[in-house]
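I would like the entire structure built from these sequences, with the hints used as guidance.
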Amino acid sequence: MKTVNSIRFFALVLIAVLFLSSCEKDPVESGDPIQQGRTIIQINAVSPDIVTLLQVRYNNVIKAPIKATLTFHLRDGQQKDVQITIPANNKDLMEWDENKFINTWDYRGFYDSTVTGPPPPIDRSWDIAFVRIKEVSCPDKEYGFQVLTSDDWTFYEPKDSITSISFISNKDTISYADYDFKSNLTQYNNRTSNYYFNLFRNKVMMFSENEKYPLNQGKTMKIPLMVYTHNSRNYGSSPDGPKAHLNGSTIVLTITKLTKTHFDATFSGKLWSAMQADTLLITEGKIKNAVLPERVD
3 MKTVNSIRFF
13 ALVLIAVLFL
23 SSCEKDPVES
33 GDPIQQGRTI
43 IQINAVSPDI
53 VTLLQVRYNN
63 VIKAPIKATL
73 TFHLRDGQQK
83 DVQITIPANN
93 KDLMEWDENK
103 FINTWDYRGF
113 YDSTVTGPPP
123 PIDRSWDIAF
133 VRIKEVSCPD
143 KEYGFQVLTS
153 DDWTFYEPKD
163 SITSISFISN
173 KDTISYADYD
183 FKSNLTQYNN
193 RTSNYYFNLF
203 RNKVMMFSEN
213 EKYPLNQGKT
223 MKIPLMVYTH
233 NSRNYGSSPD
243 GPKAHLNGST
253 IVLTITKLTK
263 THFDATFSGK
273 LWSAMQADTL
283 LITEGKIKNA
293 VLPERVD
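Numbers 3 to 299, taken from our numbering, label the letters of the sequence shown in order.
FYI, nobody ran anything at the bench for these hints, they're computed from the structure. Some hints could be false.
Distance ranges between label pairs, derived from CB positions [stated by the list, open to error]:
#  : residue 1 : residue 2 : range
1  : Pro141    : Asn212    : 24 to 30 Å
2  : His232    : Asn212    : 24 to 30 Å
3  : Asp94     : Pro35     : 21 to 27 Å
4  : Thr281    : Thr87     : 53 to 59 Å
5  : Tyr215    : Ser177    : 27 to 33 Å
6  : Arg40     : Asn212    : 31 to 37 Å
7  : Ala90     : Leu150    : 19 to 25 Å
8  : Asp129    : Asp153    : 40 to 46 Å
9  : Leu187    : Ser152    : 34 to 40 Å
10 : Lys93     : Asn204    : 43 to 49 Å
As a list, the in silico BS3-like pairs of lysine-lysine whose alpha-carbon atoms are at most 30 Å apart [as the list claims (entries may be wrong)]:
#  : residue 1 : residue 2
11 : Lys102    : Lys221
12 : Lys184    : Lys82
13 : Lys136    : Lys93
14 : Lys69     : Lys102
Keep in mind the model is a prediction, meaning the values are calculated, not measured. Note that beta-carbon positions come from the ideal geometry of N, C-alpha and C, so glycine has one too.
See below:
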């Protein structure tokens, strides 16, 4: 999980959604280098480390590019202006606190699809004291921007769909649910031809036998390995060792619904446990709205 504690700040210049009663203003006409608008987006810029060089944070997802001029204030007194363009529809959410999110965009000094000329001249040798946003604008004049100087965010509220999983293991009922972008690390390994379902940050993990890609509706697959967490304790198969797939588990997973981005499934069977003495009977297993597995080598 990304948190504010994981970032080493050189400076912080911040932005939250406000609705203004004033009319929209074009910054070129008004002379204000910070674009004004009915919907105000909070925005900040930080220089967190020598790898990222620059991170811009804001509390929305904007369907138009954001252009900004940033001033890097160096410890020797120099000031360096850098122009950047944040691409439209950028969405890379940082979890600031439990279920509080900020959208982030990292610049690392390379060309991308939004840059037509040389990359912005950020020098890795700079001894940065702090960063300030000097100008910011967007082609969509509905938006305005507010640069704050304190850690006073109005956080972005995701409208993303929810992924859930539930099942009964012997007499215990286990269930988890969260935003789909937080809850999934599902992959298909091209080299081993196995599916790997890691849901809710290791709360439930499943490994399939050799299967073909991609998923299709009605597809069934054997799940010889499954590990889950319940009441702060791990249950299920032991995934270690060359004979782990021969542990005798009989769980079968069936794809019941498929869209271009998500899938539903059911699963059940006996789960032989290397972590405790008894066999676990898994029934009424349901996965709802999980992100489709990513294909990796």
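Please test the hint of 43 to 49 Å on the beta carbon pair from lysine 93 and asparagine 204.
-> violated (24 Å)
Falls inside 19 to 25 Å, the C-beta gap from alanine 90 to leucine 150?
-> holds (23 Å)
Outcome of range test on Cβ distance (aspartate 129, aspartate 153; 40 to 46 Å) = The hinted range 40 to 46 Å is violated for aspartate 129 and aspartate 153, with Cβ atoms some 24 Å apart.
Using the Cβ atoms, figure out if aspartate 94 sits within 21 to 27 Å of proline 35.
-> holds (26 Å)
Supplied distance hint 34 to 40 Å, evaluated on CB atoms of leucine 187 and serine 152 | Since leucine 187 and serine 152 have Cβ atoms about 35 Å apart, the given range 34 to 40 Å holds.
Does 53 to 59 Å hold as the CB distance between threonine 281 and threonine 87, or does it fail?
-> holds (58 Å)
May I ask you to test the hint 27 to 33 Å on the CB atoms belonging to tyrosine 215 and serine 177?
-> Since the Cβ atoms of tyrosine 215 and serine 177 sit about 29 Å apart, the hinted range of 27 to 33 Å holds.
With 31 to 37 Å as the target window, see if arginine 40 and asparagine 212 comply at their CB atoms.
-> violated (56 Å)
Does the structure keep lysine 102 and lysine 221 at a Cα separation of 30 Å or less?
-> violated (37 Å)
For histidine 232 and asparagine 212, compare the CB-CB distance with the range 24 to 30 Å and indicate the outcome.
-> holds (29 Å)
Would the pair lysine 69 and lysine 102 pass a check requiring their Cα atoms to be no farther apart than 30 Å?
-> holds (25 Å)
Could you tell me whether the CB distance from proline 141 to asparagine 212 stays inside 24 to 30 Å?
-> 50 Å Cβ-Cβ, so the 24 to 30 Å window is violated.
Comparing the model with each earlier hint shows violations of hints 1, 6, 8, 10, 11 and 12; every other hint is respected.
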